[in-house]
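**Student:** Sequence:
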Amino acid sequence: MERFSGLSLLRHALGGHQGWKPFWREPEPKAEYDAVIVGGGGHGMGAAYYLAKEHGLRNIAVLDKGWLGGGNTGRNTTIIRSNYLFPESAALYDHALKIWETLSQDLNYNTMFSPRGVLMLAHTVHDVQVFKRHVFANQAAGVDNEWLTAEECKAYCPALNISQNIRYPVVGGALQRRGGTARHDAVVWGYARAADAMGVDIIQNCAVTGIRRDASGAVEGVETERGFIRTKKVGVSAAGNTSVVMSMAGLRMPLESFPLQALVSEPVKPDFPCVVMSNTIHAYISQSDKGEMVIGAGTDAYTSYTQRGGLHIASHTLDAICELVPMYRRLRMLRNWGGIVDTTPDRSPIISKTPVKGLYVNCGWGTGGFKATPGSANLFAHTIAKDEPHPINAPFSLDRFVTGRFIDEAAAAAVAH
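Residues are numbered in our numbering as their position in the sequence shown, beginning at 1, plus a constant of 126.
Certain hints may be false.
[What the hints assert, rightly or not] Listed next, with one range per pair, are the computed distances between beta-carbon atoms:
id, residue 1, residue 2, range
1, Gln144, Glu227, 32 to 40 Å
2, Asp160, Asp525, 19 to 27 Å
3, Asp513, Ala536, 30 to 38 Å
4, Arg259, Ser289, 24 to 32 Å
5, Asp270, His138, 37 to 45 Å
6, Val394, Lys224, 30 to 38 Å
7, Ala344, His438, 41 to 49 Å
8, His181, Lys147, 22 to 30 Å
9, Arg455, His516, 46 to 54 Å
10, His252, Lys147, 49 to 57 Å
11, Glu227, Ala427, 32 to 40 Å
12, Leu135, Gly336, 43 to 51 Å
13, Val251, Glu349, 26 to 34 Å
14, Leu140, Arg259, 52 to 60 Å
These are computed hints drawn from the structure, not numbers from a lab. For glycine and all other residues, C-beta sits at the position ideal for the given N, C-alpha and C.
All chains should be modelled from the sequences, with the hints used to inform the complete structure.
**Tutor:** In structure tokens form, the structure reads like this:
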């Protein structure tokens, strides 16, 4: 794998950029692998990378029914933070945030991580009570979070409207300065490039159609559109389609899948310095490196496997954004899209072994999957390689829905769940 640097860029520029090589191979599937990852998004591709890098497994395949990063990885609004309420959640997301901080150097690929700060606005007495509880819980757990008055919110993000004559006036906010954004495509491409260099086979446009089990009930391999692949370990990281894939092994998952919409405006000059989120008006906004305003909404009210949602959801979100940041009222929207989010009853993820020997699952991230990408992938790889959870993801096992040890983060996602 070529090492990227300023000198390598200059060398290619002097050569008319004719010497660039593909980031990864396009191999045919082998008959057998040590492990197969189902899902070529950030979580799945990252798990393959860490299996190869940290656990010495090189005979690995990543299978995706479409193109690499074409699911939720390429459809989210790229927000990164770790200010969740419960210690188990804070530890999980802060593990991810710490990896984000050095990920570009680790992969030798610019993920465009930008720790610009995430500001979560409070509009009511209830909001203030909830967010202050988050702030104090985070500080006790060693996770950065601080309370700002409305005036301090305005100073941090000058575009905000904090006047008292709007529908939901801003009365304060919780700020995590280490939070921010990253380039979603770059993350999965960086993982793919590094994993491929260690021998991982990335097989696109290869849908899994079945999971075969032997006489003892253990995983024997996967059926795909391109034939049967034998393996003793299968890791499923298929986001909103997890229930469908897991049903192939006879497992019913505690998941519901919903459409989640996002949209972007025409580009403008840089003038929005951070990420702003509001639970009460169901909206969040940041500015991309190209200048577009990236806007996200809450989930649609109905379960669906479609990558689109109701127009009224986007319209409601834009109404709220125009009130919160009135100087954007004349911006034109360029495009909108949807992803499929999978949610659990307690709104916390599952990174776990399953009752089927050799079958592992990483799912249930709801609207918060992107922020956890490197941490989730790292812990999922550990679980697959060791056949036991890491202490950080042990509380997020599948059996908590039997024991009742829930981690109820319904208020922590600030928007949809």
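**Student:** State for each hint whether it applies.
**Tutor:** Verification of the hints:
Look at Gln144 against Glu227: about 35 Å separates their beta carbons, and that is inside 32 to 40 Å. Distance hint for Asp160 and Asp525: a CB-CB separation of about 26 Å, consistent with the stated range 19 to 27 Å. For Asp513 and Ala536, the Cβ-Cβ distance of about 31 Å falls inside the hinted range of 30 to 38 Å, so the restraint holds. Range check, Arg259 to Ser289: Cβ separation about 27 Å, and the 24 to 32 Å hint holds.
Distance hint check: the CB atoms of Asp270 and His138 are about 39 Å apart, consistent with the given range 37 to 45 Å. Between Val394 and Lys224, the C-beta spacing of about 33 Å keeps the proposed range 30 to 38 Å intact. Look at Ala344 against His438: about 47 Å separates their beta carbons, and that is inside 41 to 49 Å. Here the CB-CB span from His181 to Lys147 is close to 27 Å, well matched to the stated 22 to 30 Å.
With their beta carbons about 47 Å apart, Arg455 and His516 fall inside the hinted range of 46 to 54 Å. Distance hint for His252 and Lys147: a CB-CB separation of about 55 Å, consistent with the stated range 49 to 57 Å. Here the CB-CB span from Glu227 to Ala427 is close to 37 Å, well matched to the stated 32 to 40 Å. Range check, Leu135 to Gly336: about 45 Å between beta-carbon atoms, so the 43 to 51 Å window is met.
Under the hint 26 to 34 Å, the C-beta atoms of Val251 and Glu349, about 55 Å apart, miss the expected range. Distance hint for Leu140 and Arg259: a CB-CB separation of about 57 Å, consistent with the stated range 52 to 60 Å.
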